[in-house]
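Q: Single-letter residue listing:
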Amino acid sequence: MSDRLHDLEKLLVELWFDQAFAGKAPDIDDLPDYARGQIDLRRLAVYSNVLRENHLQVLQGIFPRTRKLAGQEWESLARAYCLALPQLTRNNRRPDHFRMNNTGAYFHAYFLANQKALAEKYPFMSDLIQFEIVQAELAESDQEVSYSIENDSAPTVRALARRQPLVNPVLRLLHCRYDIPALIDILDDESRPQTAPALEPRQVVLVAARNPLNYRVRVVEVNDLTALLVQTARDSNCSYLDLVAVASEHCALAKDELTKHCLTLFADLHEHHVFVGSKELIGS
Amino acid sequence: MSSSFDKVKSTLPYLGVGLGLRREVAAETFEAGHVIDFLEVIPEQYLCKGGDTRERLNKARASMPLVVHGLNLSLGGASPLDQEYITRLKTFVQFTDAPWFSDHVAFASLGDLYLHELLPVPFCKETIEHMSRRIKMVKEQIEKPFLIENTTYYMSMPGSDMTEPQFLTELLEEADCGLLLDVNNVYVNSVNHGFDPFLFLDQLPLERVVQIHMAGHLAKEDIVLDTHGAPIADPVFDLLRYVLSKATVCGITLERDQNLPPFDEILAELSAIKIITAEAKQAKTSLELEKRP
Ligand SMILES: [Fe+2]
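So the sequence lines, in the order shown, correspond to chains A and B.
For the first sequence, our numbering begins at 333 and goes up steadily by one.
For the second sequence, our numbering begins at -13 and goes up steadily by one.
These are calculated hints, taken from the structure and not from any lab test.
Every residue gets a Cβ at the ideal spot worked out from N, C-alpha and C, and that includes glycine.
Fair warning: there could be bad hints in the mix.
Below are the DSBU-like pairs computed for lysine-lysine, each with C-alpha atoms no more than 30 Å apart in a straight line [stated by the list, open to error]:
| # | chain 1 | residue 1 | chain 2 | residue 2 |
| --- | --- | --- | --- | --- |
| 1 | B | K76 | B | K125 |
| 2 | B | K(-7) | A | K342 |
| 3 | B | K122 | A | K342 |
| 4 | A | K342 | B | K76 |
| 5 | A | K400 | B | K35 |
| 6 | A | K611 | B | K76 |
| 7 | B | K111 | A | K342 |
| 8 | A | K342 | A | K356 |
| 9 | B | K111 | B | K(-7) |
| 10 | A | K453 | A | K356 |
| 11 | B | K206 | B | K(-7) |
| 12 | A | K356 | B | K277 |
| 13 | A | K342 | B | K206 |
Covered stretches of chain B, as calculated for chain A (at least 3 residues, CB under 8 Å) [stated by the list, open to error]:
| # | region |
| --- | --- |
| 14 | 4 to 18 |
| 15 | 38 to 44 |
| 16 | 136 to 148 |
| 17 | 215 to 227 |
Isolated chain A (complex conformation):
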């Protein structure tokens, strides 16, 4: 049974996807013997329509701004991606494939590899796609976050050496070639003309972190040094003072000035929930 059922389900999914996303209705003569005469082609189209609607709805839910940006071209982009989905999921096994967001998980890679013309027309679209999937994934992440308020506003150097910042695990650093938050402001402005937004390239580094108290994902732009410190804090068990030392390698400020600057930065990172607490380092 399994073999026959497998062949039938595979065939139908192919026919449904072809009709739904490539607009290609099946030719009776192309059907295998066991299906010929038994498949109601008119009713086949009902499922094609339902599958198309459901898939497009899921994608629109994950990429609302990409959809706005693509405008009239959205449907053909989304359709082409859905048509490629069976192959993409086959090549990238994910153990949690039943998650809705996984339908959008391959969109960025697909866009880069297959949508050269659109990427040329909207050079910021690739960054936007990545931004939107990261936002969706952070919003739903099941990472536990233990959060504590940092109340030592003027720590001593000893305290800085003894304590380690805890980086929010529900956080992503995004390196973009365009100012995506500015693009989103433009796209969200309902009064803007319906033409492609003009945006000059500008390298930006964004930190997207989920607030552990209200679960909202907040995105802030940071400079390269801050990005480096966040990355360092995330990848190693270093103290606040170690971070100051890393900063000193990239910054010409005098020692006292630099420490003061770093303390302000650490306070900001706590306020934006990039850091979600501190830990006493053992043996320090």
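Could you slot chain B with the ligand onto chain A? The hints should help.
A: Then chain B with the ligand, alone, in the frame of chain A:
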């Protein structure tokens, strides 16, 4: 009923009339907790998710009894059962403390491709063997009473050589599980495939029905679609009355997924279902009293 399922059913609690929990109306749902008897939650909306979503589940669990209604066991699928999903589903069912859980007579994935739709299976002996084997595996692993739901099918599948009631009856017997009877699906199928829905119900083992689904549909020119996006139609209420006159069930759920109306309209539908439930109970009591010497 000559199955072990009658024993199982006799241990299940009566939950009343409940609602499928949807994110968009979660706040209103919790506020109306005093008139909603229980909630049906869809595991796919919560598995591997934290944040707001997890918070909503915790709140639901704290406010009323829950039942679990899955989408992706893909019992009719030819691809192997997804072990990762089943493991997570088991934890989920335990967490919710649901007295039973359910999924559909359908396939929902092809390998790792999630299809976002419940797709039909051929009604034949081979499918029964295939699906009952999988249902038994699921039952064994999750260790809670399990129900399968009759689904809509817009095209009959090649290889079908049985009627739907024959198929469902044999499948339920072979797998020895309960039925989640979606009355709207019966109606939708009856229009699309031209059969008498009352006769259809007569042919089902109604003693296996644990839960009922009520929902709305969309009647198009040449087909009726099961959208869960409209008020429940009158003929569907008639079918509910008919089922309740013949069977005892543990819960009835309203499913509303699209085109969400003001919440008062959802509450009004729940109360209409409650009235029908009360009338059916009353009628049964009077009948029993009449029978007494
Ligand atoms: Fe249903």
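Q: Could you run down the list of hints and mark each one as holding or not?
A: Now for the hints, and whether the structure bears them out:
For the hint linking B:K76 to B:K125, the alpha-carbon distance of about 10 Å falls within 30 Å, and the restraint holds. For the hint pairing B:K(-7) with A:K342, the CA-to-CA distance comes to about 39 Å; that exceeds 30 Å, so the pair is violated. The straight-line distance between the Cα atoms of B:K122 and A:K342 is roughly 25 Å, inside the 30 Å bound, and the hint therefore holds. For the hint linking A:K342 to B:K76, the alpha-carbon distance of about 28 Å falls within 30 Å, and the restraint holds.
Taking the CA atoms of A:K400 and B:K35, the gap is about 27 Å. The hint holds against a cut of 30 Å. The straight-line distance between the Cα atoms of A:K611 and B:K76 is roughly 35 Å, outside the 30 Å bound, and the hint therefore fails. Between B:K111 and A:K342 the alpha-carbon distance is near 20 Å, which keeps this suggested pair within the 30 Å criterion. With a C-alpha separation of about 17 Å, the suggested pairing of A:K342 with A:K356 holds against the 30 Å cut-off.
Of the pairs offered as hints, the one joining B:K111 and B:K(-7) holds, with about 26 Å between alpha carbons and a cut-off of 30 Å not exceeded. With a C-alpha separation of about 27 Å, the suggested pairing of A:K453 with A:K356 holds against the 30 Å cut-off. Straight-line distance between C-alpha atoms of B:K206 and B:K(-7) comes to about 43 Å, which puts the hinted pair past the 30 Å bound. At most 30 Å may separate the alpha-carbon atoms for a hinted pair to count; A:K356 and B:K277 exceed this at roughly 64 Å.
With a CA separation close to 28 Å, the supplied pair A:K342 and B:K206 stays within the 30 Å bound. For a cut-off of 8 Å, the count of residues in the region 4 to 18 of chain B with a CB near a CB of chain A stands at 0, and the three-residue condition is violated. For the region 38 to 44 of chain B, the stated coverage by chain A holds: 4 residues have a C-beta nearer than 8 Å to a C-beta of that chain, and at least 3 were required. With 6 residues having a Cβ less than 8 Å from any Cβ of chain A, the region 136 to 148 of chain B passes the three-residue criterion, so the hint holds.
Against chain A, the region 215 to 227 of chain B contributes 0 residues with a C-beta closer than 8 Å to a partner C-beta. That does not satisfy the three-residue criterion, and the hint is violated.
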